[in-house]
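**Q** Sequence:
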Amino acid sequence: MAIVAVIPARYASTRLPGKPLLSETGRPLIRHVVESARAARSLQRIVVATDDERILEAVHAFGGEAMMTRDDHATGTDRVAEVASRIPEARIIVNVQGDEPEIAGETIDRLVALLERDPEAPMATLATPIRDESVYRDPSCVKVVCSHRDRALYFSRSPIPCHRDGLAASGTLPIALLHLGLYAYRREFLLSIGGLPPSSLESSEKLEQLRVLQAGHPIAIGVVDEPGVGIDTPEDYRRFVDRWRTREH
Numbered sequence: 001m002a003i004v005a006v007i008p009a010r011y012a013s014t015r016l017p018g019k020p021l022l023s024e025t026g027r028p029l030i031r032h033v034v035e036s037a038r039a040a041r042s043l044q045r046i047v048v049a050t051d052d053e054r055i056l057e058a059v060h061a062f063g064g065e066a067m068m069t070r071d072d073h074a075t076g077t078d079r080v081a082e083v084a085s086r087i088p089e090a091r092i093i094v095n096v097q098g099d100e101p102e103i104a105g106e107t108i109d110r111l112v113a114l115l116e117r118d119p120e121a122p123m124a125t126l127a128t129p130i131r132d133e134s135v136y137r138d139p140s141c142v143k144v145v146c147s148h149r150d151r152a153l154y155f156s157r158s159p160i161p162c163h164r165d166g167l168a169a170s171g172t173l174p175i176a177l178l179h180l181g182l183y184a185y186r187r188e189f190l191l192s193i194g195g196l197p198p199s200s201l202e203s204s205e206k207l208e209q210l211r212v213l214q215a216g217h218p219i220a221i222g223v224v225d226e227p228g229v230g231i232d233t234p235e236d237y238r239r240f241v242d243r244w245r246t247r248e249h
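If you use my numbering, the sequence shown corresponds to residues 1 to 249, in order.
Computed list of lysine to any residue pairs in SDA-like fashion (alpha-carbon distance at most 25 Å, straight line):
hint	residue 1	residue 2
1	206	134
2	206	181
3	206	73
4	206	16
What follows is a set of in silico ranges between Cβ atoms, one per label pair, in the way DEER data are often shown:
hint	residue 1	residue 2	range
5	15	246	19 to 27 Å
6	200	57	39 to 47 Å
7	141	72	25 to 33 Å
8	165	246	40 to 48 Å
9	203	63	35 to 43 Å
10	225	117	18 to 26 Å
11	203	91	26 to 34 Å
12	88	246	37 to 45 Å
13	204	57	35 to 43 Å
Because the hints were derived from the structure by calculation, they are not lab data.
Backbone N, C-alpha and C define an ideal beta-carbon position, used for all residues, glycine too.
Hey, can you work out the whole structure from these sequences and the hints?
**A** Have a look at this one:
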């Protein structure tokens, strides 16, 4: 039974249209993501999931594997699930974000190992310590609090856990973790997520993983110190290109 990475990639993007095909490095961004994922020893297969022929052709051009999906998916998870439904031999599906070209193979391997060590958890994800108060208070940065069993208790855009007495004079943050958008699922559970009951928490926070928690399913959490950097804006991409050129030269 295979462990398969699925990378959702859409051409449309509010802040950065055509993001997967940006090619200032001489390679499309989606190729950087695929090549980074190939460094993961745990993966037997990597598939790009897209609703755009241009991305499909770009992936095939560099020898990658891609599948066309419907264009009406509400979330990247739905797109990943459609591809997973076509790979019956998969045991674990890893959802690798299509805008993280510097994701470390070791990070993917750690996530897969986390899920394999916890047979009761149907899915797993990663988090990293928050060291900047602005990140802690930013609603676009999702926080997670965990149990002593390394299971998610709650995800929120609010600063959690709340430090009732305020931050220490040193500015030290409370125990706070930033959620990272990398997931591993047992395939059958991934295919069932769309059928879970509607979640009031998901609707309030606009976080689809809360549908899983509110339905009573555990989510395993692993903590990493060096997360990948997502590409959300033109400036993010320029910084990535600069880092890439520095490494190459």
